[in-house]
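Engineer: Sequence:
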Amino acid sequence: MSYAETLIPPQPAPHEAAKPMTAARLAGYIFVGFWALLAALLIFTVINGWDIEKFTRYGPRYLHGLWVTLSLVAISVVCGAILSLPLAMARLSKNRLLNWLSYGYIYFFRGTPLLAQLFLVYYGLGVFRLQLEAFGLWWFFRDAWYCGLFAMTINTAAYQAEILRGAIESVPHGQREAAAALGIHKTIAFRKIILPQAFIVALRPYGNEIILLIKGSAVVAIITVLDLMGETRYAFSRTFDYQTYLWAAIFYLTIVEALRHLWAWIERRLTRHLKR
33 MSYAETLIPP QPAPHEAAKP MTAARLAGYI FVGFWALLAA LLIFTVINGW DIEKFTRYGP
93 RYLHGLWVTL SLVAISVVCG AILSLPLAMA RLSKNRLLNW LSYGYIYFFR GTPLLAQLFL
153 VYYGLGVFRL QLEAFGLWWF FRDAWYCGLF AMTINTAAYQ AEILRGAIES VPHGQREAAA
213 ALGIHKTIAF RKIILPQAFI VALRPYGNEI ILLIKGSAVV AIITVLDLMG ETRYAFSRTF
273 DYQTYLWAAI FYLTIVEALR HLWAWIERRL TRHLKR
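Start counting the sequence shown at 33; every next residue gets the next number (this note's numbering).
Just so you know, not all the hints are guaranteed correct.
Said to hold, decoys possible - Label-pair restraints from in silico Cβ distances:
(1) Gln163 / Thr77: 46 to 54 Å
(2) Pro237 / Trp67: 26 to 34 Å
(3) Leu95 / Ile220: 44 to 52 Å
(4) Leu95 / His205: 32 to 40 Å
(5) Ala59 / Ile298: 32 to 40 Å
(6) Arg208 / Glu48: 47 to 55 Å
(7) Gly168 / Leu278: 42 to 50 Å
To be verified - Pairs of lysine-lysine residues, derived as DSSO-like cross-links and limited to a Cα-Cα distance of at most 30 Å, are as follows:
(8) Lys126 / Lys218
(9) Lys224 / Lys126
(10) Lys247 / Lys86
Simulated from the structure, these hints should not be mistaken for laboratory data.
Backbone N, C-alpha and C fix where the C-beta goes; we use that ideal spot for every residue, glycine too.
Make a model of the complete structure from these sequences and hints.
Structural biologist: Rendered as structure tokens:
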């Protein structure tokens, strides 16, 4: 029987094999370099063309437009979420009439552009002015801000309904069977067992929908709503400086990045019990 009398000294880690330069890697390096050069030129243009007079003159208008954009998106997301729940329930219903009505609503508003829906609300409903005045609703539909809010709400409600429906269907059927075996009523089981799990599944798609709605909200500037894009158009019409749109892009990018990080934190917080 043999045994070792001395320990083997520690050996250095093996050298990492050099990766060969392929055509795909070279194309990737060129692509990244091109975008880095473009970003550097963009930063240089912003710094070189900085005009403090324009900033002090139109800066408050940009902040006002930013507030209008955020308020529009926030209210439409909340109202759309309230509307999406009965729509999702109707889509899951075995009643054919409810199912087809909700399917038609979702199909139309997901299949047509938000701009077309905005025009239908802002310009189309004006045809029914007498009827709207009779019901006391003309004060709402004659204002561009409310029309933009209404169009964004009914649009995002369709998307949120499909997100919620898919999330509910993704919850394993065994959860319902387990609740029934414990004698839990279907309504309570849905509210306290199925829906919380569905919301966790739907969290990431909800974040994507909010980001898309933030970027899509720029269309309300066409109907004279002075949101962020509306104030940008106003500033450009007075200065004819393309950097006004560049600053708007920076604002939108900042909002999206802030929301992305916030949503990632919320997701980590709500799913911490699923991670080991």
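Engineer: Look at each hint and say if it fits the structure.
Structural biologist: Do the hints match the structure? See the list:
no., hint, verdict
1, Gln163 / Thr77: 46 to 54 Å, "holds, 53 Å"
2, Pro237 / Trp67: 26 to 34 Å, "holds, 28 Å"
3, Leu95 / Ile220: 44 to 52 Å, "holds, 47 Å"
4, Leu95 / His205: 32 to 40 Å, "violated, 50 Å"
5, Ala59 / Ile298: 32 to 40 Å, "holds, 37 Å"
6, Arg208 / Glu48: 47 to 55 Å, "holds, 52 Å"
7, Gly168 / Leu278: 42 to 50 Å, "holds, 44 Å"
8, Lys126 / Lys218, "holds, 15 Å"
9, Lys224 / Lys126, "holds, 22 Å"
10, Lys247 / Lys86, "holds, 25 Å"
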